[in-house]
Amino acid sequence: GAGVSQSPSNKVTEKGKDVELRCDPISGHTALYWYRQSLGQGLEFLIYFQGNSAPDKSGLPSDRFSAERTGGSVSTLTIQRTQQEDSAVYLCASSLVFSVGLAGGPFNEQFFGPGTRLTVL
Amino acid sequence: KQEVTQIPAALSVPEGENLVLNCSFTDSAIYNLQWFRQDPGKGLTSLLLIQSSQREQTSGRLNASLDKSSGRSTLYIAASQPGDSATYLCAVYGQNFVFGPGTRLSVLP
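Read top to bottom, the protein sequences are chains A and B.
Per our numbering, the first sequence starts with residue 1, numbered consecutively.
Per our numbering, the second sequence starts with residue 1, numbered consecutively.
Just so you know, nobody snuck in bad clues.
Under 7 Å between C-beta atoms, here's a sample of chain A residues computed to sit facing chain B:
hint: 1; residue: Gly42
hint: 2; residue: Leu91
hint: 3; residue: Glu109
hint: 4; residue: Phe112
hint: 5; residue: Gly115
Here are the computed lysine-lysine pairs in the DSS-like style, where the Cα-Cα straight-line distance is at most 30 Å:
hint: 6; chain 1: B; residue 1: Lys42; chain 2: A; residue 2: Lys57
hint: 7; chain 1: B; residue 1: Lys42; chain 2: A; residue 2: Lys17
hint: 8; chain 1: A; residue 1: Lys17; chain 2: A; residue 2: Lys57
If you are wondering where the hints come from, they were derived from the structure by calculation, not from laboratory data.
C-beta atoms are modelled at their ideal positions from N, C-alpha and C, and glycine is treated no differently.
All chains should be modelled from the sequences, with the hints used to inform the complete structure.
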């Protein structure tokens, strides 16, 4: 089946402009995650959606960043008034989430998309 | 706050060698740990996921172990091949996912 897809694959924008990045998760996956990977840096968690629950926004770096997930499927990450430090690869992942019992906790193997490389000039 | 480290940062080995990559985490209250590989300019590929109640998982030439109490996981790669060259990342899941910085592996033909 199809994996996680992201669009666009590359985005170049001018400082101060708004951008929207799109993620299509694997069909049936209830959880969706956004990460940012800056050059030479590790992955930075941004936001997590799980089913109909309120999203975990604890990783968003500023109020210029927001994300939506419509109909429990497609997600859009929006960055307003982009800054040069926003330049990075933005990665999306999805997973099924189910309990494996009291001792095991949730099972949520993540599958990643190819990412969107954002360059802010 | 959970912190994840990986040692070594980079590793270069000749083809055919067995090797071990290390992942350490500071908070042992995790549900699972996942190993990924990342090829240059691409997303992450899931390799293995170990639940907190498990001690190891195996897939082909890969074996991952987890010692939750000591905050350590190892990824063992047997009979390495040039196609194994990539950056290997571990991630722990507790309150959310926290990734390590990765080990960059080069397997020389």
